[in-house]
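Given the structure of chain A, go ahead and fit chain B onto it with the hints provided.
Taken in sequence, the protein lines are chains A and B.
Counted the way our numbering counts, the first sequence spans residues 9 to 360.
Counted the way our numbering counts, the second sequence spans residues 9 to 360.
Please keep in mind that the hints were generated in silico from the structure rather than gathered at the bench.
Even glycine gets a Cβ: it sits at the ideal position worked out from N, Cα and C.
Don't take every hint at face value.
What the hints assert, rightly or not - Examples of chain A residues toward chain B, derived with CB under 7 Å:
(1) D36
(2) M245
(3) I248
(4) D249
Said to hold, decoys possible - The following label-pair restraints were derived from C-beta to C-beta distances:
(5) A:L291 / B:Q145: 53 to 59 Å
(6) B:T345 / A:N102: 39 to 45 Å
(7) A:A288 / B:G121: 54 to 60 Å
(8) B:R272 / A:L30: 30 to 36 Å
(9) B:T275 / A:P146: 37 to 43 Å
(10) B:I263 / A:N102: 24 to 30 Å
(11) A:E235 / B:L30: 21 to 27 Å
(12) B:H17 / A:E111: 38 to 44 Å
(13) B:L30 / A:E350: 30 to 36 Å
(14) A:R308 / B:Q145: 40 to 46 Å
(15) A:E350 / B:E100: 21 to 27 Å
(16) B:G121 / A:D104: 41 to 47 Å
(17) B:A115 / A:R308: 41 to 47 Å
(18) B:R272 / A:E111: 46 to 52 Å
To be verified - Covered stretches of chain B, as calculated for chain A (at least 3 residues, CB under 8 Å):
(19) 42 to 51
(20) 76 to 89
Number of protein chains: 2
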Amino acid sequence: MDEFQLIRHYFAGLTAGSEGVLLGIGDDAALLSVPAGHELVVTTDTLVAGRHFPGQTRPFDIGWKALAVNLSDLAAMGATPRWFTLALTLPEQNADWLAGFSEGLKALADLHGVALVGGDTTRGPLAITITAMGLVQPDRAMRRDGAVQGNLICVTGTLGDAALALQQLLATGLPSSLSSFPRGRESSSGSGVQASKLDSRLRGNDSQAHIDPALLQRLNRPRPRAEAGQILGEWGMAAIDLSDGLAGDLNHILIASQVGAELRAETLPQSTAFARAAPADALALQLHGGDDYELCVCLRGEDFQAAEPKLAALGVPLTRIGVITAEPGLRLREGATVRAIEPRGYQHFEAA
Amino acid sequence: MDEFQLIRHYFAGLTAGSEGVLLGIGDDAALLSVPAGHELVVTTDTLVAGRHFPGQTRPFDIGWKALAVNLSDLAAMGATPRWFTLALTLPEQNADWLAGFSEGLKALADLHGVALVGGDTTRGPLAITITAMGLVQPDRAMRRDGAVQGNLICVTGTLGDAALALQQLLATGLPSSLSSFPRGRESSSGSGVQASKLDSRLRGNDSQAHIDPALLQRLNRPRPRAEAGQILGEWGMAAIDLSDGLAGDLNHILIASQVGAELRAETLPQSTAFARAAPADALALQLHGGDDYELCVCLRGEDFQAAEPKLAALGVPLTRIGVITAEPGLRLREGATVRAIEPRGYQHFEAA
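Excised from the complex, chain A in its bound form (with noise of 0.2 Å):
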């Protein structure tokens, strides 16, 4: 198969699936449709192997997780999501990993309702980058430089499962930099495993067997919150995607408008699976962890009142962990102490 025909096969389930698609993917460029009284929204996120995701990842979960991770940058604007376009560099072509990548990503992107409208397949180093584009109502999309003093900050969710998943992975001692992908002439060299029995290994993905599933869920497929987002659109002063850890994306809001944060430590949500596992780290994985992809979002406290309960019918949790202040700074209580913390964001795995 040639550049062309490897596209149409593998991605062709993928281009069906939502609203306002005149052209799809096959010409110079996609032709589509937003409706008026609507404003586009547009992100883009590139995944390197062995940088945004351990080298073990399954295909699946790859083709998931970059399409997870463009659709929570939506759901943190309000929007709903429509459509987006796919750039993939791959070492070589290989039908096995293209059929669980496209079949990751359509999984994802059959939930949500969105359109491949346009890619490009280029050979390299495995690269995946995806833009996508949403459409929201003026009066929703909810930034990050709206916060004012006495904002309630809230997180959709818990915090923290995919940081521990993460961090029981690495303890298994599998190289992190190794990819399931095959290894070309250059990548291979010097990584001192025998393909044969990397191989192995990785079919078997022995060191995912004993993580807690439901943490190495919130790792491999996080779920971004688009139904969320867009409720939360009608009352959200301002609101962020939690990718690179709570503190360091909540200080982009902080600074954008130009406020400050006191953040209570006993509040921040944990799942059921992380509480039973009771990493000593909890706080730090909660604060500095990435891959949450939880939504923080900002309200006045009646309208917290009025989100919640919406949030709950959905199955999402909302949770009050703090307050905006006019006093600029990242603080943290804990019982009757406060102290400020940093608000540095996730290091990629390999500089953790």
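Frame of chain A; chain B shown alone:
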């Protein structure tokens, strides 16, 4: 500088310059306004170092070309370019490289009044993915599937210049896989060229010194035919931009439109520089060489008469090079003989 400062510093100048940007780079996503009565046109293309451009290409030219190839796709749809997102994967932070790259990007963006509205920067082997967005009136969009028997096949500008420049560049013997980007540990091993010696050769760009500047310009700084595309949208039955070579690209129109074509060899337009160089394989370069970034458009005979002077007024020649036939396949007439030609596209230069 951290990643956020990096982006802000080098790409700040790129974020203005287009209408309809309600919220630009720096939030979770951009907010854009699509005016009523227009369709949104979206395309994406990736450039990988050592594959889509020779390694010694100047950063300025890489920035220019990465945007140009995308604007060329929009031009082929008859669209007016508006906005773009940039996903940049870099081996490491390098101020000089980023300065040159962003200047090249800005130079072309300013020419066309397009604004950078979103971006992502990651570490990894050099690759650039741009997603470009534009607007078109519904009746002006040129697709690939509208060509009918009897249409004149026309091209803007001249063919083969970039392919000839590349051929001459490769003949100078500078290894095409060497990148002007400072080498990391991984990539420098095995290059067999001392870094200091390589740097001096790259600074001087010796390898480009003996190539006709007019040809080199076509390779390194292609001018997307944006205005010509918008004008041709009034009449174009089908169009495509020539990135992979005339034969292969025209064939996409033939397949989509379920027609064939006969080209006349002696009508393929040559630039003065190309004619002066008079390469032995001129016809092959013009038929199968890539990187022309001209438009190939199918027009009714009477519409050609209307379109040609309008493009001439822009300084863009429009040349009839053949005719659409009911009989499928691609044929070339040379004098009195007609032969089938392979619709093969450009083989990226590494494989050439």
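Hints versus structure:
Because the smallest distance between the Cβ of D36 (chain A) and any Cβ of chain B comes to about 4 Å, under 7 Å, the interface hint for this residue holds. At a threshold of 7 Å, the smallest CB-CB gap from M245 (chain A) to chain B is about 14 Å, leaving the interface hint violated. Using the Cβ-Cβ criterion of 7 Å, the hint placing I248 (chain A) at the interface with chain B is satisfied: the shortest such distance is roughly 6 Å. The interface hint given for D249 (chain A) holds, since its Cβ lies 6 Å from the closest Cβ of chain B, which is under the 7 Å cut-off.
Remark: the range hint 53 to 59 Å for L291 (chain A) to Q145 (chain B) is upheld by a beta-carbon distance near 56 Å. Against the hinted window of 39 to 45 Å, the Cβ-Cβ separation of T345 (chain B) and N102 (chain A) comes to about 44 Å, which satisfies the hint. Checked against the hint of 54 to 60 Å, the C-beta distance between A288 (chain A) and G121 (chain B) comes to roughly 55 Å, which is consistent with it. For the pair R272 (chain B) and L30 (chain A), the supplied restraint of 30 to 36 Å holds, since their beta-carbon distance comes to about 35 Å.
About 52 Å separates the C-beta atoms of T275 (chain B) and P146 (chain A), a value inconsistent with the hinted range of 37 to 43 Å. One distance hint, 24 to 30 Å for the beta-carbon pair I263 (chain B) and N102 (chain A), holds here, with the actual separation near 26 Å. In this structure the supplied range 21 to 27 Å holds for E235 (chain A) paired with L30 (chain B), their Cβ-Cβ distance being about 23 Å. About 40 Å separates the C-beta atoms of H17 (chain B) and E111 (chain A), a value consistent with the hinted range of 38 to 44 Å.
Judged by the Cβ atoms, the range 30 to 36 Å given for L30 (chain B) and E350 (chain A) holds: they are separated by roughly 33 Å. Look at R308 (chain A) against Q145 (chain B): about 43 Å separates their beta carbons, and that is inside 40 to 46 Å. The hinted range of 21 to 27 Å is satisfied by E350 (chain A) and E100 (chain B), whose Cβ atoms lie roughly 24 Å apart. Separated by about 45 Å at the C-beta atoms, G121 (chain B) and D104 (chain A) satisfy the suggested range of 41 to 47 Å.
Remark: the range hint 41 to 47 Å for A115 (chain B) to R308 (chain A) is upheld by a beta-carbon distance near 46 Å. The hinted range of 46 to 52 Å is satisfied by R272 (chain B) and E111 (chain A), whose Cβ atoms lie roughly 47 Å apart. Coverage of the segment 42 to 51 of chain B by chain A holds [criterion: at least 3 residues with CB-CB distance below 8 Å; count 7]. A count of 5 residues in the segment 76 to 89 of chain B with a Cβ less than 8 Å from any Cβ of chain A is obtained; the coverage claim is therefore met, three being the minimum.
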